[in-house]
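Participant: The primary structure of each chain is shown beneath.
2 protein chains.
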Amino acid sequence: MGKGYLHVYTGNGKGKTTAALGLSLRAICAGKKVFFGQFIKGMDYSELKAVELLPNFEIQQFGRDCFIFNEPTEKDIAIAKEGLNKMGEVLVKGEYDLVVLDEINVALYFKLFSLEELLAVLKNKADHVEVICTGRYAPKELIDLADLVTEMKEIKHYYFKGVEARVGIEK
Amino acid sequence: MGKGYLHVYTGNGKGKTTAALGLSLRAICAGKKVFFGQFIKGMDYSELKAVELLPNFEIQQFGRDCFIFNEPTEKDIAIAKEGLNKMGEVLVKGEYDLVVLDEINVALYFKLFSLEELLAVLKNKADHVEVICTGRYAPKELIDLADLVTEMKEIKHYYFKGVEARVGIEK
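As given, the protein sequences belong to chains D and A, one line each in that order.
Quick note on the numbering used here: the first sequence kicks off at 1 and runs consecutively.
Quick note on the numbering used here: the second sequence kicks off at 1001 and runs consecutively.
Next up, chain D with everything else stripped away, as it sits in the complex (with noise of 0.2 Å):
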């Protein structure tokens, strides 16, 4: 097994959590075992419903059925902490090839936990797990540690049309 590298996916525009399920999808096809991490998310995505279709597919979420507006709660916090710790011992096992780390700059954002404790549990992976952290707002250091960095910046988008998130599009 080669070194696993992580990789950050940041930016205003579309396709961060895409391009994360673009590559769980790629690596299932090479027979490899992923596991999905969603935070801040807790609503019900059409993802979710991939473990059906993927073999060595694994989708867990740790957020709340609606997004956080203003103030997280000690709520938010609490299921934030503790995907945290799961993650951690995800990427410390190394049972899977590759790691996705959705929306995990986004709850960061809103200091669910600390940016030490997340790089704590980034520098604790096994080596060959491939790991992707995605989410707007990635701060300085996590670009540094990481080895592959896109920013997924808005050009242009179709909500300033009206038109509002669709199923099996957006969610």
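Just so you know, these hints were derived from the structure itself, not from any lab.
It is possible that some hints are incorrect.
What the hints assert, rightly or not - Only part of the chain A face toward chain D is listed, based on derived beta-carbon distances under 7 Å:
id, residue
1, G1015
2, T1018
3, A1027
4, A1030
5, E1047
6, L1054
7, P1072
8, K1156
9, V1167
To be verified - Listed below are the simulated EDC-like cross-link pairs for lysine to aspartate or glutamate, each with C-alpha atoms no more than 20 Å apart in a straight line:
id, chain 1, residue 1, chain 2, residue 2
10, A, K1032, D, E164
11, A, K1003, D, D144
12, A, K1161, D, D144
Glycine residues also receive a C-beta, built at the ideal position from the N, C-alpha and C atoms.
Knowing the structure of chain D, use the given hints to seat chain A on it.
Facilitator: Chain A only, in chain D's frame:
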């Protein structure tokens, strides 16, 4: 059925084809039908195996078994034109809810067909079909026509560390 929109994923960063794959997976999870046309690439990518795993997923390649490095050959042009014709039929027919024209921008950049030919195909699509165009070098006219555009901007890439394309991650 609602209106389908045109997405463009461009820029020099990793995540364009991957985002299109992720959107395909999400759409399939929501019961939609997906046609994934892959221009330029004719190599054995892991995602080709997705047809065995996913229902309602069709993938077809319109490229050769090597990249175009300098000038495209007549064969490159013939395969790409055939591909554009095929995608035109798929888009008009409207049998698939989500249609991906992967690396179409690169095919255009190499002048395998003209911008006018591509725009005609896109403008002629069945109204409900959601379309994704990927690849570096999206021209202004395509961006103008699109409803959603994300630029995947490379901030950091591990190929500078000498990491080559790996099965299940890049291919």
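Participant: Look at each hint and say if it fits the structure.
Facilitator: Against the structure, the hints:
no. : hint             : result
1   : G1015            : holds, 4 Å
2   : T1018            : holds, 4 Å
3   : A1027            : holds, 4 Å
4   : A1030            : holds, 3 Å
5   : E1047            : holds, 5 Å
6   : L1054            : holds, 6 Å
7   : P1072            : violated, 26 Å
8   : K1156            : holds, 4 Å
9   : V1167            : holds, 5 Å
10  : K1032/A / E164/D : holds, 18 Å
11  : K1003/A / D144/D : violated, 42 Å
12  : K1161/A / D144/D : holds, 14 Å
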